[in-house]
Amino acid sequence: MAEVLVLVDHVDGAVRKPTLELLTLARRIGDPVAVHLGPGAEAAAPVLAEHGAVKVLTADAPEFADYLVVPKVDALQAAAAAVSPVAVLVASSAEGKEVAARLALRLGSGIITDATDLVAGDEGPVATQSAFAAAFTTTSRVSRGVPVITVKPNSAPVEPAAAAGTVEPLAVTFGELATGTKVVSRTPRQSTGRPELTEAAIVVSGGRGVNGAENFSVIEDLADSLGAAVGASRAAVDAGWYPHTNQVGQTGKSVSPQLYIANGISGAIQHRAGMQTSKTIVAVNKDAEAPIFDLVDYGVVGDLFQVVPQLTEEIKARKG
Amino acid sequence: MSLRIVVAVKYVPDATGDRHFADDLTTDRDAVDGLLSELDEYAVEQALQIADAADDAEITVLTVGPEDAKDALRKALSMGADKAIHVEDDALHGTDVIGTSLVLAKAIEHAGYDLVVTGMASTDGTAGVVPALLAERLGIPQVTLLSEVAVADGKVTGRRDGDAASEQLEASLPALVSVTDQSGEARYPSFKGIMAAKKKPVESLDLSDLGIDEAEVGLGGAWTAVQDVTARPPRTAGTIVKDEGEGGKQLAAYLAEQKFI
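Just so you know, the sequences run in chain order U and G. Each residue of the first sequence is one higher than the one before, starting from 1 at the first, in the numbering used here. Each residue of the second sequence is one higher than the one before, starting from 321 at the first, in the numbering used here.
It is worth saying that the hints were derived from the structure and are not from the lab. Be careful, since some hints might not be right.
[Claimed, not checked] Lysine to aspartate or glutamate pairs mimicking DMTMM-like chemistry, simulated, CA-CA at most 25 Å apart:
1. G:K390 / G:D375
2. U:K279 / G:D563
3. U:K279 / G:D410
4. G:K475 / U:E196
5. G:K562 / U:E63
6. U:K319 / G:D444
7. G:K579 / U:E176
8. G:K562 / U:E289
9. U:K316 / G:D473
10. U:K17 / G:D343
11. G:K569 / U:D294
12. U:K286 / G:D483
13. G:K562 / U:E220
14. G:K426 / U:E176
15. G:K579 / U:D66
16. U:K319 / G:D410
17. U:K316 / G:E577
18. G:K569 / U:D31
19. G:K562 / U:E196
20. G:K579 / U:E289
21. G:K475 / U:D224
22. G:K562 / U:E176
23. U:K279 / G:D444
24. G:K569 / U:D117
25. U:K316 / G:D483
26. U:K17 / G:D483
27. U:K182 / G:D344
28. G:K569 / U:E63
29. G:K579 / U:E220
30. G:K579 / U:E63
31. G:K569 / U:D66
32. U:K286 / G:E487
33. U:K182 / G:E487
34. U:K286 / G:E564
35. U:K316 / G:D444
36. U:K182 / G:D483
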């Protein structure tokens, strides 16, 4: 069967969930071949095999951590040359999209970004995307070269499917551009213990109505009761109440969780652009006219400082 | 020696308008008024600050798009850019990101550059891949998604705030920089700036000026094909309750019914 390259997104060998989702999608098109770059391949390989990787190509070199993006492109290009894949799948992170873009150009291939679904088609994989703040759904395919497709987290279930997962070293020759952008230092973000925003199954967000950084604990408490990630609207971020890395919207992150709970968020188009593909949408807002209520499956018109703590307590009580 | 900065910007349909696709499944540009992409305003702002910090610098703002796209250039010129390049050609209709990066790269080479500055993504297509594609085409380092940027002694340095870590980056010029909306609020054009912009040169180029074959761009030259566009079905009206003291409990009951609890 035809092989499909999947770039592994991992932290020192701990495979991140979007990669396991990619393996589910890759199996619809062919046999997944995972490409693991950097340290930790021994830890990652069994996990990749359990999720359908017939082969795991591995390469480790200081270049992957010390320089931005291009070393990974060099490696993926080498992998593409080694297996002649029918498609290349990459998670739609900021770096993933950059790696995919440069690879596509080198392969003379079209690129599709932020796919929300992927199926096999007569003329190659067909990807679903959402456009204009999710007002439209499009289907597209790559018409030239090896389809390079980046897929948004939460676009497919994680399905175990045992495969050989044969580990093979990948020979990579770094080009002149690989060392162009040096990573001088790297400060890991302090972990909040909460799930990553773009990957979380549930996102609880706060906006202008939260009215102060000190009040965000109300949002965090609700998030923690559900094991959710915390998001914020641009208004809340611009006011300095919550970090920019948690911003949901057109200029922030695009999320597509199973459940999205918007608190004190009016639902301007810029915010909707980042969350409208969520499966179930719930809002709490004291303004009954807020546009967010046009989107919701369930809405509560009321003061979030009354409703949200009561909700949190009730969830804790129900969970026992 | 003068620091030559080229800022690539996009003219996009206003996101607050009712955006549509045309019959050929490309963006319907007649449906909604256009404007300079908000995320590109940050690129113009950072270019202006880099130029201010340099002994001698010149900023060229560049766009690819229809006649109306000149509005985006005028906005950037009124903010303080020195001159503009407008690439317009009927054959460009329906060009994908790969084709757009080709046209931009040729125009940037035509302009001459030490530093290319872009926004992190357009606010219409939102793919966010053009900066990386441009760096690949130009064969220069990409220093992308920066929330802070500085240029000194032939080097560009900046901070990239990722999900897992914050990174300090460094590259030698020539290089490409893209900036996020965290890089700093963009200035409003002053009246003086608006008046001065009217006298600034705008060079118009077409594909033949850039030595690009029509077959490489447009819908026909795109390496991807949109098969189908459907308007998202309107959401069925949700349940909306007014909080009479039990709103939180009612919501919990709904979440339990949906098996989220």
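Practice task
Hint by hint, work out which the structure violates, then give me just those numbers in ascending order.
Solution key: 1, 3, 4, 5, 6, 7, 9, 10, 12, 15, 16, 18, 19, 20, 21, 22, 24, 25, 27, 28, 30, 31, 32 and 35
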